[in-house]
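From just these sequences and the hints, can you work out the full model?
Protein chains: 2
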Amino acid sequence: MNAKRILLSSFLLISSLCSTTLVAQDLPSWSNTDARQQLTAFVETVTKEGAGFVEQSKRIAVFDNDGTLWAEQPMYFQLAFALDRLKATQDKHPEWKTQEPFKSVLAGDLKTALSSHENIAKIVFASHSGMSQEEFQQVVKDWITTATHPKTGRKYTDMVYQPMLEVLDYLRANGFKTFIVSGGGIDFLRVWAEQVYGIPPEQVVGTRVKKEFMLNADGGAQIMRQAAIDFVNDKEGKPIGIDNHIGRRPLIAFGNSDGDLAMLQYTMAGEGKRLAVYIHHTDKGREWAYDRESHIGTFDKGLDYATEHKKDGWILVDMAKDWKVVFPEVE
Amino acid sequence: MNAKRILLSSFLLISSLCSTTLVAQDLPSWSNTDARQQLTAFVETVTKEGAGFVEQSKRIAVFDNDGTLWAEQPMYFQLAFALDRLKATQDKHPEWKTQEPFKSVLAGDLKTALSSHENIAKIVFASHSGMSQEEFQQVVKDWITTATHPKTGRKYTDMVYQPMLEVLDYLRANGFKTFIVSGGGIDFLRVWAEQVYGIPPEQVVGTRVKKEFMLNADGGAQIMRQAAIDFVNDKEGKPIGIDNHIGRRPLIAFGNSDGDLAMLQYTMAGEGKRLAVYIHHTDKGREWAYDRESHIGTFDKGLDYATEHKKDGWILVDMAKDWKVVFPEVE
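Listed in order, the protein sequences are those of chains A and B. Counting in full-length UniProt numbering, the first sequence runs from 1 upward without gaps. Counting in full-length UniProt numbering, the second sequence runs from 1 upward without gaps.
Treat the hints as calculated values from the structure; they're not laboratory data. Source: prediction; values computed, not measured. Glycine included, each C-beta is placed from N, C-alpha and C at the ideal position. Please note: incorrect hints may appear among the correct ones.
With a straight-line cut-off of 27 Å between C-alpha atoms, the simulated DSSO-like cross-links for lysine-lysine are [what the hints assert, rightly or not]: (1) Lys210/B / Lys235/A; (2) Lys301/B / Lys58/A; (3) Lys141/A / Lys311/B; (4) Lys210/B / Lys210/A; (5) Lys141/B / Lys273/A; (6) Lys284/B / Lys58/A; (7) Lys92/A / Lys103/A; (8) Lys122/B / Lys58/B; (9) Lys235/B / Lys210/A; (10) Lys210/B / Lys87/B; (11) Lys210/A / Lys58/B; (12) Lys58/B / Lys58/A; (13) Lys273/B / Lys311/B; (14) Lys301/B / Lys235/B; (15) Lys273/B / Lys141/A.
To give an idea of the interface, some chain B residues facing chain A are shown, with a C-beta separation under 8 Å as derived from the structure [what the hints assert, rightly or not]: (16) Pro28; (17) Ala41; (18) Ser57; (19) Gln138; (20) Arg190; (21) Gly198; (22) Pro201; (23) Glu202; (24) Leu215; (25) Ala217; (26) Gly219; (27) Ala221; (28) Glu236; (29) Asp243; (30) Arg248; (31) Tyr266.
If you want the footprint, here are the derived chain A segments under chain B, 3+ residues with CB under 8 Å [said to hold, decoys possible]: (32) 207-214; (33) 262-271.
Structural data, given as structure tokens:
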């Protein structure tokens, strides 16, 4: 027991040394502006013994994905997956040649194909359901390792934001547990989030399809994906998703659109000091510049709210000004 | 970077030493019978480099709660909480004096009060909804720290199984992540699971009521609990709950009733070697003896299935024979 205690204390000593080491070299891709200073000042306050100290188990940080951890233009990457998937499986569905929206997808007429919520739902269900979880995971894995972005030619997993990868490392080095809280599909994200962000499946919260447990005669058993929505993890759904999956109010929340506003408000309404960070897409040269008028990642109410509440600890990150680098270097 | 790498490697070295230390003194309350030997043999196989090795991130262990981690007789402890809660709040509800099932609850006539699913639902909703998450957590905290078991006089948190607490420690020392997957209420469990089992809120899966996000004029924001069921995490619901919360098929699953059968079958149907453990309540002297005929923790189909599949790695724990101790010592 005594030996164990000695081992455990050196274990703790070394882990604290490790985090100090990492903290010393944190956030190299961030310019030394207010945004970076507010973030690091907050983390120092909650990790140092003293008035603002927060015990490690309560250091929960939540991140939206599309537009916050990776890019979302010219269309949500998961929608690109859905469209590619329809093309790849069209031989099994001759009926698509005459059925909308599939007909337009196969003809490359995205304007018609994506012209209504009904159409998009049909495209998503046709590409995301009617198979087991394991089959779906394999399909996503195959796509994510080969598909490339239409504008940059990069793999989608190289369209992640280098400064945000550094924030994830920095927060974990300071004892935070990092979660994705996305309007995107939970099972789509879980396939690659661990490898790309270091976030395991059990720390991914997202939109879900209905599922059914299937027991085979031979003793096999799997989860089958249904063509129906079980939960939409967006807007007011995000605080609910956080409560159901995490069960604690976050200490820090990152987002980029109006769909994240409720999550950031929920976070900031918790006891003690909290931090809400909005990534503002202002960088037309290195990425995209969009906010109020954009259909993807609409940032209007949230932009007003964050501007109004800067004094209350809301941070508005100006991509063009606050980030030295946007995307990671690729070999 | 180099300094960091040295620190990290010693970090890993020491954590492996720690787990070895713990493994050496594991499971003291378990008799040295087949059950204990099969469990430790399995854990050694998946943790030692070699054919059966499983990387740490995939070492997921799931545990039912009622009847598996703590007792469930003479009634589910959460139902005792609900009944106590009604008595404690009756002054605010004069209408209960004439309304069933509340009238019978207050008169101490449990036979009538609990005579139908409708009645039980009314009792649960009246005691578990119509308040914010924070309010509910406080109510549960107050109850769990003071209420005592009618037969033993112990606090309910002292009605946990010492051999199972040792299994939780043993598996965590061997790199497993431990989750509760309960038919009970997720928010009821999360209040005390971390202190009692070392399982944080984000690793608790359970039955949920519907919730609503509420934003106040003053900027306050909370999750309100509704009087409706959102998800029942029992029977075929358990594999779904595991998939939605954890996103990986468990390597080990523990249960005690037919409500856990689907979870254990789902676990065993995964690739490679897996382990399913059923706790059989055979100890009338130290605890309770019940299975096929019991309304609480009915163990009939599961008992047949586990007996039939012993050769496939299903373990049937005989409480009376396999456990030296049932409950922890209390100061």
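Next item on the list: Sort out which numbered hints this structure fails and list those numbers smallest first.
Entry: 2, 3, 6, 8, 16, 17, 19, 21 and 25
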